[in-house]
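Chemist: The chain contents come next:
Number of protein chains: 2
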Amino acid sequence: MKESIGQVPGLAVILVGQQRDSLTYVRNKKIGSEEVGITFLMTMLPDNCTENEVCNALQSYNENPSVHGIILQLPLPQHLDEGKILGLLTLEKDVDGFHPVNIGNLAMLGREPLFIPCTPQGCIELLIRSGIDIKGKKAVVVGRSNIVGLPTSLLLQRHHATVTIIHAYTKNPDRIAREADILITAAGVPNLVCKNWLKPGAIVIDVGTTPVEDPECEHGYRLIGDVCFEEASKVASAITPVPGGVGPMTVAMLLHNTFESAKRAFKFT
Amino acid sequence: MKESIGQVPGLAVILVGQQRDSLTYVRNKKIGSEEVGITFLMTMLPDNCTENEVCNALQSYNENPSVHGIILQLPLPQHLDEGKILGLLTLEKDVDGFHPVNIGNLAMLGREPLFIPCTPQGCIELLIRSGIDIKGKKAVVVGRSNIVGLPTSLLLQRHHATVTIIHAYTKNPDRIAREADILITAAGVPNLVCKNWLKPGAIVIDVGTTPVEDPECEHGYRLIGDVCFEEASKVASAITPVPGGVGPMTVAMLLHNTFESAKRAFKFT
Chain U
-15 MKESIGQVPG LAVILVGQQR DSLTYVRNKK IGSEEVGITF LMTMLPDNCT ENEVCNALQS
45 YNENPSVHGI ILQLPLPQHL DEGKILGLLT LEKDVDGFHP VNIGNLAMLG REPLFIPCTP
105 QGCIELLIRS GIDIKGKKAV VVGRSNIVGL PTSLLLQRHH ATVTIIHAYT KNPDRIAREA
165 DILITAAGVP NLVCKNWLKP GAIVIDVGTT PVEDPECEHG YRLIGDVCFE EASKVASAIT
225 PVPGGVGPMT VAMLLHNTFE SAKRAFKFT
Chain F
-15 MKESIGQVPG LAVILVGQQR DSLTYVRNKK IGSEEVGITF LMTMLPDNCT ENEVCNALQS
45 YNENPSVHGI ILQLPLPQHL DEGKILGLLT LEKDVDGFHP VNIGNLAMLG REPLFIPCTP
105 QGCIELLIRS GIDIKGKKAV VVGRSNIVGL PTSLLLQRHH ATVTIIHAYT KNPDRIAREA
165 DILITAAGVP NLVCKNWLKP GAIVIDVGTT PVEDPECEHG YRLIGDVCFE EASKVASAIT
225 PVPGGVGPMT VAMLLHNTFE SAKRAFKFT
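Read top to bottom, the protein sequences are chains U and F. So in the numbering used here, spot 11 of the first sequence is number -5, and the numbers just go up one at a time. So in the numbering used here, spot 67 of the second sequence is number 51, and the numbers just go up one at a time.
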């Protein structure tokens, strides 16, 4: 793109506060962007900033023609209205795919969202590139967050899986999970999923990441997943680790979405 | 409303073609509106009309301040782009709740759609008014259409059921259905669900309506559901008939949405 039209895609991140895992994610997005030649911009705001400050930062990226993707790093501090702020994000720059229009179009058959949320799309790519046919498979998603569980279930459904979502009110979640050909967990509960949750041969994708103190690690903590990896790996036919499983896929999909957005903006084909 | 502010709600329906069940639905909406004092407007277009004609009709209702709810009666003939036309409908008058923004906000936790689709909301009302606690129940939805199956599954999830959607690619649908505490069918396949699909004591809501010729009926045909009613009624603890089950609830919810929309427009509380 740079060679043919002298333009590069731009990605902007707004980070509020200093939550450790958010810092990790943002760092990885920056490294990824620089590796592939995407201009990376960032606005860091303090934990106690006002809604206005976040909206202003967002608005200025909305209007900046060098920015093709904007990420409001979630979760936001409690005092900020996430729904309201996300609603201000220009649909054409919503590379996270969290705008209600994108989620609505993801949910509905025959519609095409402008962007598919990155983590769900990363999970699907892992399945497809591992040669797994999703159509007709029983898929269970653990957790129903707006940023992972919900869009993952909608996307699996688009790929014609038979999908069940497990959440806090689900009775006997282990029994339901044990029916799954494909189990995707995004609960944020360390070691929730042990071997009695798994059908032998199941495919397990672990999106859970909970930071735990560990002075021996580079940043003083490490991330652990939802799955008891060691025992699960003896039952599953395929399984992703934490870290190093879905995380890098999420970043890759984000860079992909940003590139697609820039192509649309520059009418570059 | 008429007594206190001298205004009444208005509902407009756009009907393309003469599909029999659509005619039935529209007739019921007209009767319902007149019963409760909602002004009912209708535009009937021929089966072979152009997209422009539909869009113009829609646009004129969008701009008409006496209209608070607009219904584009679905399905449209194949040559019309349903997604595109629905996208033109003013969000504030989308009393069917099919706009992607409404579906997105229905799907996401912590967001509130302006309108909840009428048939799904009718099903939930039936459950609630029958004293059934949805939270934690296993719910299975048969069919994933944008107008019934999908929004019903999203709404059940909002009420904290554990939801599975069965569709054309689902393997062993009877086995999955047999796990359901609440089974809602909207497949449009007559007699698909027989007693071996049901757990004893299950609650069954039949949204399926397929018209079949019957010269003895008033309009030359009758509607039949997805469920083998007679045998299912011996297994289920509660079951809705077709016709006369969900249909009247759909109309009631539509009138409710239209009234709510008019209240918002007139700032009437």
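Treat the hints as calculated values from the structure; they're not laboratory data. A quick note: this is a predicted structure, and the numbers were derived from the prediction, not measured. Accuracy of the hints is not assured; some may be wrong.
Note that the list lumps identical chains together, so a pair holds whenever it fits in one copy or between two copies.
[Stated by the list, open to error] Below are the DSBU-like pairs computed for lysine-lysine, each with C-alpha atoms no more than 35 Å apart in a straight line:
#1 Lys155 to Lys(-14)
#2 Lys119 to Lys155
#3 Lys(-14) to Lys251
#4 Lys183 to Lys119
#5 Lys247 to Lys68
#6 Lys119 to Lys(-14)
#7 Lys183 to Lys14
#8 Lys14 to Lys155
#9 Lys179 to Lys251
#10 Lys251 to Lys218
#11 Lys68 to Lys183
#12 Lys247 to Lys179
#13 Lys155 to Lys179
#14 Lys179 to Lys68
#15 Lys218 to Lys(-14)
#16 Lys251 to Lys68
#17 Lys183 to Lys(-14)
#18 Lys179 to Lys119
#19 Lys155 to Lys218
#20 Lys218 to Lys183
#21 Lys183 to Lys155
Chemist: Against this structure, judge whether each hint is valid.
Modeler: Hints and how they fare:
no. : hint               : verdict
1   : Lys155 to Lys(-14) : neither (54 Å within a copy, 48 Å between copies)
2   : Lys119 to Lys155   : both (27 Å within a copy, 10 Å between copies)
3   : Lys(-14) to Lys251 : within (14 Å within a copy, 53 Å between copies)
4   : Lys183 to Lys119   : both (18 Å within a copy, 26 Å between copies)
5   : Lys247 to Lys68    : both (28 Å within a copy, 23 Å between copies)
6   : Lys119 to Lys(-14) : neither (38 Å within a copy, 54 Å between copies)
7   : Lys183 to Lys14    : neither (38 Å within a copy, 52 Å between copies)
8   : Lys14 to Lys155    : neither (41 Å within a copy, 43 Å between copies)
9   : Lys179 to Lys251   : neither (50 Å within a copy, 56 Å between copies)
10  : Lys251 to Lys218   : neither (49 Å within a copy, 62 Å between copies)
11  : Lys68 to Lys183    : neither (41 Å within a copy, 43 Å between copies)
12  : Lys247 to Lys179   : neither (45 Å within a copy, 54 Å between copies)
13  : Lys155 to Lys179   : both (18 Å within a copy, 24 Å between copies)
14  : Lys179 to Lys68    : neither (41 Å within a copy, 47 Å between copies)
15  : Lys218 to Lys(-14) : neither (47 Å within a copy, 69 Å between copies)
16  : Lys251 to Lys68    : both (30 Å within a copy, 22 Å between copies)
17  : Lys183 to Lys(-14) : neither (48 Å within a copy, 61 Å between copies)
18  : Lys179 to Lys119   : both (25 Å within a copy, 27 Å between copies)
19  : Lys155 to Lys218   : both (26 Å within a copy, 26 Å between copies)
20  : Lys218 to Lys183   : both (11 Å within a copy, 34 Å between copies)
21  : Lys183 to Lys155   : both (18 Å within a copy, 17 Å between copies)
Violated hints for the displayed structure, listed by number in ascending order: 1, 6, 7, 8, 9, 10, 11, 12, 14, 15, 17.
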